[in-house]
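A.B. asks: Residue-level listing of the chains:
2 protein chains.
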Amino acid sequence: MSYPKTAVNKLGRLAKRGAYDYATVHTILNTCPVLHVSFVDPEHPFPVVLPMLGCTADFSNQDADPNDSPQDVYIHGYVSGRIFKKGKEAGDGDQGEHGLPVTIAASHMDGLVLSLTPFHNSCNYRSSIIYGYATLVDDPAEALYAMEKITDNMLPQRWAKSRVPPTSAELKSTSILRVHVASASAKVRTGGPSEDRADLKNEAVRKSVWTGVVPVWPQWGEPIPGNENGVEEVEEYIERWRVGENTKGKAAAYKAIEDGK
Amino acid sequence: MSYPKTAVNKLGRLAKRGAYDYATVHTILNTCPVLHVSFVDPEHPFPVVLPMLGCTADFSNQDADPNDSPQDVYIHGYVSGRIFKKGKEAGDGDQGEHGLPVTIAASHMDGLVLSLTPFHNSCNYRSSIIYGYATLVDDPAEALYAMEKITDNMLPQRWAKSRVPPTSAELKSTSILRVHVASASAKVRTGGPSEDRADLKNEAVRKSVWTGVVPVWPQWGEPIPGNENGVEEVEEYIERWRVGENTKGKAAAYKAIEDGK
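Chain order of the listed sequences is A and B.
Count along the first sequence from 1, then add 8; that gives the number in the working numbering.
Count along the second sequence from 1, then add 8; that gives the number in the working numbering.
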């Protein structure tokens, strides 16, 4: 139930923090509020990096469980036609795969790890890196499927609770990319600080420098109605989601500390 | 006081959300807990993306204010020797610049923007993208300077309050990259939802779909002492920083809603 290790995704450094199973890789991506999508622009030496929204899904096997099946990644966002064409041409040559080669990064920070000396400071984090080939979705049924998935991945039920389906003009002007995953990996750091033996023997240091973890999570605050809002109370499914996310986020940040202790 | 617009950093889409001034670009980067550093691996079609820690600074002009001066970016992290060498060689050809061409992305999510229809959903966010040439810092004085900057950018005063200076073994095994910035830009979305005129006229929709913004910020929770901690109370400067970050983060998320209204 894992992505195979290849020359592309195999972790070199701190390999013991690595994970390749579908559940870990997909969950990190699907709970990350912003994805960073990176690809080569043949005209410049610097990769292009775009912050985008997206999630995993499988249009051809919609009942598949992302915890034990490979998935595609659907991304909502626009890539310049020039880059897309050039990058796709470059990608097409590669072993029968086709599309724009992209790397998708999703990272969560779970805590700041403070040790006796800056050299051993660290962070608790979870990070997924996915490598794949992006193509534009042009089948309207697949585009609709992806839009619903992306919307509800962010806020469950929002699709059905708002004005759908999109008009044909909306559908036409929404750009959705499907990334066929070539390989992927995750890296997870948990626990408290590690220390140097010499520092632990130094009582003056041990008695004066607090060590431990400051946990951190995304906190969703009380919603602010828009200028045109016509509903008095924030709908119950939104509040339930909001409070639930805060509870889960906090629990995950504290669990990360315990897990590695 | 801005990065010049060039073919590399000029924003194409939604250009009115763009900013190029030092203060905006540097502040977004310096307040972002995780940076995504991206560069080309000549052996694979996919860019390499690494989550790393870093901040802006200027070793040759240490009193410069990052709000009105160009800066370098110092990154704490390891890049494979193979990639560094190959990428550096490729980069060296480019107009007298030298180093590994990298793109650094720093993104903050400030809120989920909910409109009457999924097509108009959006996010409030702040994102900096910096393009530059990375070289390994080999001057020990500069490495020390960068380590202190990176440590205190995360948690002010931590450097001086913990066991410093690093031993020579620690200094030797710390890998610091200096990125000379070639160009940079920021993109900022604020405000509430925008709507389609037809949806606003549809009373059934307006009266049933809550619209507005759910703000979000990083919440730092109560610190958990490490197994070897020898200080009873969390030090005051840590608590002050923690509570201050929560207050600032919350205020920024709500201000983003007001700013664009």
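A couple of the hints might just be wrong.
Copies of one chain are not kept apart here, so a pair can be met inside one copy or by any two copies together.
What the hints assert, rightly or not - Taking lysine to aspartate or glutamate pairs in the DMTMM-like style, the calculated list, with each CA pair at most 25 Å apart, reads:
1. Lys269 <-> Asp207
2. Lys256 <-> Asp146
3. Lys13 <-> Asp204
4. Lys18 <-> Glu230
5. Lys269 <-> Asp66
6. Lys209 <-> Glu178
7. Lys94 <-> Glu230
8. Lys256 <-> Asp160
9. Lys215 <-> Asp76
10. Lys269 <-> Glu203
11. Lys258 <-> Glu230
12. Lys215 <-> Glu156
13. Lys258 <-> Glu244
Read the hints as simulated data drawn from the structure, not as lab findings.
A.B. asks: Now, for every hint given, state plainly whether the structure supports it.
C.D. replies: Status of the hints after comparison with the structure:
1. Lys269 <-> Asp207: within (19 Å within a copy, 53 Å between copies)
2. Lys256 <-> Asp146: Classified as neither: same-chain Cα gap 36 Å, cross-chain 43 Å, threshold 25 Å.
3. Lys13 <-> Asp204: neither (33 Å within a copy, 47 Å between copies)
4. Lys18 <-> Glu230: Cα proximity of Lys18 and Glu230: none, with 42 Å in one copy and 36 Å across.
5. Lys269 <-> Asp66: The answer is neither: 37 Å in one copy and 38 Å across copies each exceed 25 Å.
6. Lys209 <-> Glu178: The answer is between: 17 Å across copies meets 25 Å, while 66 Å in one copy does not.
7. Lys94 <-> Glu230: neither (45 Å within a copy, 50 Å between copies)
8. Lys256 <-> Asp160: within (17 Å within a copy, 29 Å between copies)
9. Lys215 <-> Asp76: Answer is neither: 48 Å inside a copy and 41 Å across each miss the 25 Å cutoff.
10. Lys269 <-> Glu203: So Lys269 and Glu203 pass the 25 Å test inside one copy only (13 Å; across, 49 Å).
11. Lys258 <-> Glu230: both (17 Å within a copy, 10 Å between copies)
12. Lys215 <-> Glu156: between (55 Å within a copy, 22 Å between copies)
13. Lys258 <-> Glu244: The answer is both: 21 Å in one copy and 23 Å across copies each meet 25 Å.
Hint check: violations occur at hints 2, 3, 4, 5, 7, 9; the rest are consistent with the structure.
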